[in-house]
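Visitor: Based on these hints, arrange chain A on the given structure of chain X.
Protein chains: 2
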Amino acid sequence: MAAQLPQQLSHLRDQIDAVDQQMLALLEQRLNLVAQVGEVKSEYGVPIYAPERESAMLASRRQEAEKKGISPDLIEDILRRIMRESYTSEKDSGFKCLNPDLPPITIIGGNGQLGRIFVRMFQLSGYQVRILGRNDWDRATELLSDAGLVIVSVPINVTQSMIEKAGPYLNPDCILADFTSIKEAPVQTMLQAHSGPVLGLHPMFGPDISSLAKQVVAYSDGRMPEKYQWLLEQILIWGAKIVPIDAKEHDRNMMLIQAMRHFSTFVYGVNLTKENPQLDQLMALSSPIYRLELAMVGRLFAQDPVLYADIIMSSPNNIAAIKRFYHSFGEAIKLLDTQDKAGFIQEFKQVEQWFGDYAQHFLQESKNMLQQAQDTVHK
Amino acid sequence: MAAQLPQQLSHLRDQIDAVDQQMLALLEQRLNLVAQVGEVKSEYGVPIYAPERESAMLASRRQEAEKKGISPDLIEDILRRIMRESYTSEKDSGFKCLNPDLPPITIIGGNGQLGRIFVRMFQLSGYQVRILGRNDWDRATELLSDAGLVIVSVPINVTQSMIEKAGPYLNPDCILADFTSIKEAPVQTMLQAHSGPVLGLHPMFGPDISSLAKQVVAYSDGRMPEKYQWLLEQILIWGAKIVPIDAKEHDRNMMLIQAMRHFSTFVYGVNLTKENPQLDQLMALSSPIYRLELAMVGRLFAQDPVLYADIIMSSPNNIAAIKRFYHSFGEAIKLLDTQDKAGFIQEFKQVEQWFGDYAQHFLQESKNMLQQAQDTVHK
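Protein chains in written order, with this note's numbering: chain X, 1 to 379; chain A, 1 to 379.
Isolated chain X (complex conformation) (with noise of 0.2 Å):
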């Protein structure tokens, strides 16, 4: 093909390709500029993530695009999408430290994957901070008895006890949190072991992300908060959003989010090795959207089974509704034995109802997500 095109058309390349060099050349710039963003941020205790500014730049980006006809969203993408790298690179700068008198900071579990991440952001805005791990109980009292602040970072199955077996040693000042993907329990035993501050978190995020910048940290407050407010802003200077909670609320919520998710996406695994289809071509044939919800199944699979076997099974709640589940699936399928189209539409219909505005939102929204796969997937 290449020796029977014109050489108009190479000739534009050479100029498209001058174009994305002169790109790049901007891209170390802006770069270097955020560094420095981030160093006076760090110096001042400025958040990394302003969502005021961020949305003010985009507007003015977005209204000049349109003056010289580019697409709006186009800019906004480019941008969104530089803005990620420079949280990442900001995050390396240091944070400022919001209690610089605590005294040292302990992380029950502060090996695993979670708790790696916050040992280095509480490191990197000047904290010092010891981890105790499985093989470490023995230097329990030296760890644990002047600590400013502990958290439990364990796993789901042994949090309360290792809360229980932490509690003795804590002087009442200490704040003692956890990181649980559930509340209820964890704060009530944190409440029981401990007679100071308490409070219960939840970082909803995994260990791949490149940056705190936007990512979620639900917390129920325990007891006195007014003496881990510092905590709570420090993480927002690490860019994370913060949602104050009800511990129960928050159990209530995780067992559609976490639980009944991850059971389906099991069962989807599961009977996809039943039906034995070729994955290969069943890839080919994927439009943008099957093909990201295969990723997201596979993704499940390149996982832990420990984690998901505890997320499930960590309370009857997440059982009960996973049976209400299947209820409701065996409900449909009698839809379908009996060919009642009618039926099957009016319960559709209700859906689109309780979604109310939203439904028409996440169109819009999945449509920007589904093409952005799209630019992405490269087989």
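Read the hints as simulated data drawn from the structure, not as lab findings. Here the structure is a predicted model, which means the values were calculated and not measured. Be aware that a few hints might be false.
If several chains are the same, the list does not tell them apart, and a pair holds so long as it fits within one copy or across any two.
In silico EDC-like pairs for lysine to aspartate or glutamate, Cα to Cα no more than 20 Å straight-line [unchecked claim]:
| # | residue 1 | residue 2 |
| --- | --- | --- |
| 1 | K367 | E293 |
| 2 | K274 | E331 |
| 3 | K96 | E39 |
| 4 | K227 | D173 |
| 5 | K349 | E164 |
| 6 | K227 | E28 |
Guide: Just chain A now, kept in the frame of chain X:
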């Protein structure tokens, strides 16, 4: 906050804004160059999607980025986003007509969402296109008897009857094709209704695509493939990938890709309305992966229930497959009821093995998708 920010910070931000404005100017230049490429391609009949040129170009830019200490993924993601925009604008410049002597094309159902896309593509390529809508059957002789290509693009549940209705009007040289999302039955019906060339097509995308670039069109040969090779090549010029597949195999794959997927999403939505969580709270707490899933569920319910009912109910094979899934679900629940963590882990590992290298591949791929989803989600 703004008042407290040191001048240093606002100075840096001004510099960043200046860089971004230069970037916008480069984008303008690049889009103009690409528009010129589009014109040359259209003149010479070169497909708008050129995977080899793309890979070579991206590889060069990645190398140059690495030399500058910039993440190669950053420049690749940006260029892919720009290329998507370019495909959209290239398509407007028209396409080379590969079969200029073809008598008029008639699209039965050409007023529908999918039909309309193809009416436009054929017109942009210089073909004469006519539409036969629901109320035009009194003009069937006029619209069908001299056609060189007739495409049936109607809802799945009336495809076969439309084919049977159209058959007697066609001349023996006419190519008869359809766009239905199942292939075995329509291709059989076309072969019976028409003695000339027959081709089953399945455009694997919805009406909200911005261009055909990289989209998949599956096809199943019917009769006299030599007569419609030009049509497959024409679709390639529009930028789509064409995937040949046996009609039976196609339907087996679609059972998984479409029927089962749509039905589980439907049930998920129905069950969500029963659990009735606060959608706002759920979204505030959602990590990108769940936000993505919620958007994927919500998007279904912003669309036409009849379309989905028809796809799901189109074949007893679909219903049988859905029941097998339901059975797998019930079996998996037994693991939960008996708290059989070891059994869960064992099944999990079997699925991991089934996915093979794809599990890790999907983990990487979805990481990228999730980060992009995170970039664009703004509440």
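Visitor: Now tell me, hint by hint, if it's right for this structure.
Guide: Evaluated hints:
1. K367 x E293: both (14 Å within a copy, 13 Å between copies)
2. K274 x E331: between (23 Å within a copy, 13 Å between copies)
3. K96 x E39: within (10 Å within a copy, 55 Å between copies)
4. K227 x D173: Answer is within; shortest intra-copy Cα gap is 9 Å, inter-copy 84 Å.
5. K349 x E164: neither (50 Å within a copy, 33 Å between copies)
6. K227 x E28: Classified as neither; 43 Å inside a copy, 53 Å across copies.
The structure fails hints 5 and 6 (numbered hints given earlier, in ascending order).
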